[in-house]
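Chains as they are written, first to last, in our numbering: chain A, 1 to 305; chain B, 1 to 1133; chain C, 1 to 476.
These are calculated hints, taken from the structure and not from any lab test.
Take the hints with a grain of salt, since some may be wrong.
[Claimed, not checked] Here are some of the chain C residues that sit facing chain B, going by a computed Cβ distance under 10 Å:
1) T4
2) A5
3) V34
4) D37
5) L152
6) P167
7) I191
8) E301
9) V354
10) L357
11) R425
12) L432
Note that beta-carbon positions come from the ideal geometry of N, C-alpha and C, so glycine has one too.
What follows is each chain in one-letter form.
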Amino acid sequence: MAKNALAQETVFALRETIARLEGKSLPALAAAQASQAGHPAGGDEARIRTGVDFLDEALDGGLPCGGITELRSDGLRHAGALSGFAMALGCLFQRAENRPLLWISDRMTASDAGLPYPIGLKRFGLSIHRFLHAAPNRLEDALWLAEAALSSGIFAATFFEVRGNPAHFGLTESRRLSLRAKAAGRPLLILRHGGEEEASSALFRFHVEPSLASPRRLPDGSMLGGSIGSSVFHLTLEKSRNAAPLSLHLEWNHHDRRLIALDPTERAFSFERPTALSGASLPKALDRQDPAPPLGAVLAFDRAS
Amino acid sequence: MKPPAPAFYEIGARTNFSFLEGASHTEEMVQAAAELAKRGELAGIGIADRNSVAGVVRAHAQLRDLPEDTELKVQPGSRLVFSDETPDMLAFPMNRKGWGNLCRLLSAGNLRTEKGRCLIYLDDLLEWGDEMMLAIVPDRALLEDAQKASTFPVLLDRLKTRFGGRLYMALAPDYDGRDAFAFASFAQWAETARIPLIATNQPLYHHPKRRPLSDVVTAIREHVTVQEAGFRFAANAERYLKTARQLAAVFRHYPQAISNSVRFFSQLTFSLRELKHNYPEERIDGETPWETLQRLTYEGARERFGGTIPPKVERQIQEELALILEKKYAPYFLTVRNIMEFARSQNILCQGRGSAANSTVCYCLRITDVDPDRNKLLFARFLSTERDEPPDIDVDFEHTRREEVIQHIYRTYGKEHAGLAAAVTSYRTRSSGREVAKAFGLSEDVQSALSSTVWGWSTEGLSERDAKNAGLDAQDPVTRRVLDYARQLMDFPRHLTQHVGGFVITRDRLDEVVPIMPTAMPDRYMIEWNKDDLDTLGILKVDVLALGMLTCLAKAFRLLKSHYGDQQSLADILKIERDEVYDMICRADTLGVFQIESRAQMSMLPRLQPRKFYDLVIEVAIVRPGPIQGDMVHPYLKRREDERHGREIEYPSAELKDVLERTLGVPLFQEQAMQIAIVAAEFSPSEADKLRRAMATFRRTGTIHHFRDKMVSKMIERGYDPGFAERCFSQIEGFGEYGFPESHAASFALLVYTSCWFKAFYPDVFLTAILNSQPMGFYAPAQLVRDAREHGITVLPVDVNFSDWDSLLEDGKGYDRRMLSPHHADMRQVIRSKYSVRLGFRLIKGLPEKEIVEKLMPNRGSGYRSIRDLWLRSGMNRASIERLAEADAFRSMGLDRRQALWEVRALDARNASESLPLFEHAIRGGTLERDDLQQEPEFELPEMPPGEQVIEDYRSLTLSLKAHPLTFLRNELVKRRIIHMRDLLTAPKNRRAEIAGLVLVRQRPGTAKVIFMTLEDETGVANAIIRPKIFLRFRSVVMAARLVRIRGMLQRESGVIHVIADEIEDMTHMLGLLQAEKRRFGLCERVDEVLRPTADHRDRPRRPMPEALSTVKGEASPQHPNAEVLPKGRNFH
Amino acid sequence: MRLTALDSHAENMGLKRGQGLAEARAIHPALVMVEEDEAADKRFLEALADWCDRYTPLVALEGRDGLFLNITGCAHLFGGEEAMLREILLRLEQMGLEVKGAISSAPGLSSAVARFDASQIIGEDEHERVLAPLPLAALRIDDATVQGLAKLGLKQVGDLLEAPRAPLARRFGTQLLLRLDQALGLDDESISPRRPVAHLSAERRLAEPVQAEDDILELTSQVAQSLKPGLEARGAGGRVFELVLFRVDGKVFRLKAGASRPLRDAARIAKLFAERLKDVHDDLDAGFGFEILRLNVLRHEAFDHAQKDFEGEDERHLSLADFVDQVSARFGPECLTTYQLRESHMPERAILSVPALGHIFKPVPMPEAAPLVENALSGKERPLRLFRHPEPLEAYAVDVPDGPPIRFRWRRLTHKVCHAEGPERIAAEWWLDGEDAPTRDYFRLECETGQRFWVYRQGLYDQIANPSWYMHGIFA
């Protein structure tokens, strides 16, 4: 216990330094400290739990409602995973606070990776009646938009897409946005397609990679081989108050709108799935001639865990 | 080389009897299946329409008519769509019992709700689900709804427990991207419940090219346009009849689903053939039905032939009875006889017709009054042993009394065994055009423009011309689609209605033979099959039909007995054929009689010169699409001419002489066409049978061209003239649409003769009877009255003190031969009439019968003296009395129409204090003077001008005895050099003439291209022929005008007069002049003599039309609502 | 559908009011039809009534196409009755209207003559003479009565003049006689003006029409000045004012302004309207200018009430609408969009991107169809991002006829497919694309790397020999 306390002290000191570097105000830090101690303070430091306990722990209680979370991918080819994870987080924010979402896209990205497709978003769990899409021409306009959106306090979350590390979007801009976010108590999700890690005012930064989807669940809970079920993201929490990067696989269950951490052993299993084509592989039980004994209670085919 | 396809039976096919769901005819579906079967790609098909088995008989018939080597199994079933949460089920009876159960189940659903819907619940299935194979069709919503999914296994277990091995689970692809997942999920549920899988593609149409039509019917069903239908449409065109190979690929991971279809089908042994000969028991103690029939036949024969039966007849009877015995038809004949005996016992006039009816047996049983021997009709000719044609007898009854017969049938056989056949209402050119136009979002006025440009029941589908006429651009893709899909939709069934009179009577419970459903009338049920279906299955059907002419004749017989003391019957009248009657017919003086009254028929009469009964049979049959389309009319007339001149008649061949002798070598009847196929083209009887059926369905199947090739080439091969062969076949096609067999013609001819007999000898009786049977026939009362007056009959106006509800024969002037019109001079010595005809109240529009029969007539006593008197004594309501006033029915009180209306207006029912004491006073005093109730200042109403009197007569009575409307326009017409109709008799022929008249009738006979227009002026009726080119130019005038002027070539050949129109003008607006009020106040010159009904308005000196009418300011417009009053002209097709 | 109104051209062609459209079309296929808009007609008539306010404040609507003007005491302003009638008719005709009018001492008579006779002024002793030849419908009685009388041969007003009254009343009710008497001027009839009559009113007729807001305000101030004596005489101040602006072309604008305390000071009154004019700035189209300016006092109160300050709260809460306005104003409405779902199976047609401006508060279109949308889409996989234009790709080792490729090359990269779902078969919309347009088979493909794509094959193998493949979207 004592050792633990000491470690915390050290971490905190380190953070203080970083915070100064990043231009964070000390009172905020104090609040963060307070929440760390189990006393969440003030609206501007409200958190949204991801529902994955160890992740929430690493995020100091969840995603910040009044701050920036940055999501980064290795390139445009992973736009699906990056957008997907961002949307999943958007869903969580929207569930907590039933307000519209604003997606500020980048023209280049839109033309190379497509535009958000509302029917897909809906299927993914978002409320699309309340989804606004902004396509500013220039990065400066995008920044203006993001600031206006944050300070208006209207949106449950604002998505901000950039490609790489543009020169006009540096620490200063990041800081401005962060202040706006904090003042309004509204989150900003930055999606950085193919960018390097760089200093920013983001509280957290995830690195997002695609991962093989979970197969679909049949009525008895078994899995349909060869099928493509819920999306799975391979995440690395690159920046957080915890020193060590955290790597994990999260599945997005769009039925329940929740993130589920995948057990590494189960992942191992799914990687061993036959790579044959669709439908070709069926649950063994179906190929048997004799009827299977009644299986236990069928709950729902959505993951019960 | 591909491996052979696995054996597969499709169990989920829907047809267009799943109304507005299926997009193929049943026949098309079966035919497509047969084509797949030929390639070894399909073993069988199950027809499963939505909560219905209405289409299965057609499938059965189609299969029967396919080549014999077709290896295809077709099973009847139904798709059960539940009103609770139960998923759909495909249900197929395994045997007769199972069929009965299915019918009971669907009947229960039908009877639970209004017609056209079917509410069934899981409990129904649990109750009636025995002896049938079932396949549950799970809904894909289960995959997304955990709640539903959790209860599904419970349902499966329950069904499995109830139905055991008879329950399957259907797997059907959706091509929605999740087939694999759906199959796996359903398979898992099925496996858990131990239910085997079965594959189906649930076809909605037979070929993918039908997808657009499928969408169009969906749009119609959902009342949306194609453009806004959105997700109501399927995403793809996969719901067609697929091959075994295609489905095997879809279900490659579930091969058992394919092979199980074989197991499923192998359990189905039921055939619709098992429903055959389901005759009710007509057993009399100790006798078999045949013995009873034999006994009754001989009893009847002795009555008909008077004690001794001629040996020839006896032989014929024996022959027929033997045939009936062999075919087991005896109960059928007995049933028909019993129904008719009942009708006779109730004094209901009736007559049987149809192929079986023209037999000696039927003559003896009094089913028909046409003696087949005397009239060249042969029973065996129509009911042969080889051809499996069911007996066919239709019975016509007086149309007003048919209900009594129907009630009798229900009483005798019970609701469990008797029901009405269905009539399938199908999309016609108009309705399909309208619906499809609507589905494509064309505006309502375009829709109605489209449908209104189509003449009647056209069967050709919308044409580009129709589109153009409706103001559409035929090149526009939307227009193209409307036309295309409207054509495809043609003949699709829309809904079932009850047949006019087809009764099904079964030995088994009716609702175990076929599902029954409610009709609009309480306690009356109809079945799901129509008469063709019943024919196909050989189920007893008696057509209990209503015929207006029988009502008319029954009334005429009664009047003849009551007023002339002459008791006659249908059979009596034909015993001595009278030349006077044929003379009249030859002059085409046949207005109002049965069948031969239309202009087309009338124009044929002088040419055909009927002199004997069989000539009438031919006359009835010849002016019909069959012979016209087959171009047989002129050859026949020519031969008729030859015969008259003693020239020899040539026959196409010796072998056909037998067939064609009675029609002088020209085939005119449906039966002859069939016989030609057998004799000249060497069709086997069963082939001929198929040909007969193909005729009826050729539009749905398009198979008739096989027969054409076969018949024509065979006839040519056997040495017939190719032209003759072609004509024979075109005629068969014509029969397909409007088949008219000799047997029907013969029965109709009897009614023709009888109605002519009355018209010739007793025009007073005929007019009275026909007025009392309205509405019927071609002509409106105005023409019937006019015709009677031209025959010297005095017709008296409706009057509150003299008329009854019906028209009456009244002593009085009666028949006055001096008033006979010159062109009827021949009738001078023929007519035996003695009475005048008093028009009845029934002619007055909008007057309730109850008011007259229960109030006016019983209280009339020695007559009403004033309107107030009538009002107080009869208790009629003011509105009805006003109707009487509008009909000018108070003349016997000395009140004209306006005065009467003025009086009626003053009646005040609210003021009881005024009416009651005075009423008593009036009774006490014994007198009741007009206006003695309340002194009013004198007020002279303006005089009604004669033209307006006539218009008002038309408005109220649809006729006027005072004058013809054109009388008042004559000055104007003379100025325009328009001649009288009667002058057409003498005007130079082959010259232009101009006539004007009210449009009585527009007729386009069958497939003829020309249109006949019948016009009437004050001197007579004339007939104009409008050729297609002229019609196109003057379409709107022809279709809409009520008064027209026609200029054209006058033709007059053997008494037939036509004007071949080349210019038509709408003069309807002139009718407005009739009401122009003459402004005269104070100095009123009475014009009553003009207005008083006169016996013959034609011979009176015509008063000049009041001129220089100071027209009412502000009403300068020439259009006048008066035109609406005059007849619109009736359209006949 | 029936014809409800005809122009003279249509009348000459022989068309009739009340005629069925189909029938009319049968006669004249080229007929151009405009659907009747009763509300618009009514609005138009009301606009005319407004315009007529210039002649008298007492204007009432009569039927669907008539106006009553009570010109008692006004005629002299326009040079007498005849000049006035001429001017009114002339000006209305210049507006393109077919118009008739009559001046008499009885509204009923004026109505009858205007509708059924020529425009004229009817003297006091001419009532019967003028009325007699008119049809009964001129008496403003219902159709049933007109027809009932016509059946008796009574078709002109003259017929009734000669008839004994009691029997007529007995048969047709007293309403008939009332109407007759009204037409004869024997029974007083008052019209009910459509607008409340102002307590006080002042106006300026301008020789030179004004357009500018400042001019209007200046004039308002001047007119307000002339109201002052009236208000003072009543010891009152106005609480509700109405500024009526008559535009040269006949359009009339009415602006109401309320004061929180009674006013009579012209400048203050004008200031009230300054605010209002700013508010309605966009809607007030001066066109060629206003020719009459009238100021009405609709409500007044005793002058001694204290005035309260009426400053509105300044703090503005930024709403979504504000945000949308702000962004759209800055970057144009196309920058910020929202979606509308449409019922189409074709993915690119299933959505419509619309400017958020003006759409943001509208619910999803086709509300009835909404459940259908849910059903049709439920369970169907759709990508998170959709390419604006499907991109061609090369598919290898395709499982013919219904299967996916095992490998494909897209954007110069070869992807190895490890899982696939499909096909989802989406046929073209034949009513838009034609019956022969190819069907698409969509597949979800998952590659070894975990990327998930939405690709489709254009055309079925049994329709096209070598169908091409496209990339259409990416999944999460």
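Broken hints, by number: Result: hints 1, 2, 3, 4, 7, 8, 9 and 10 break, sorted rising.
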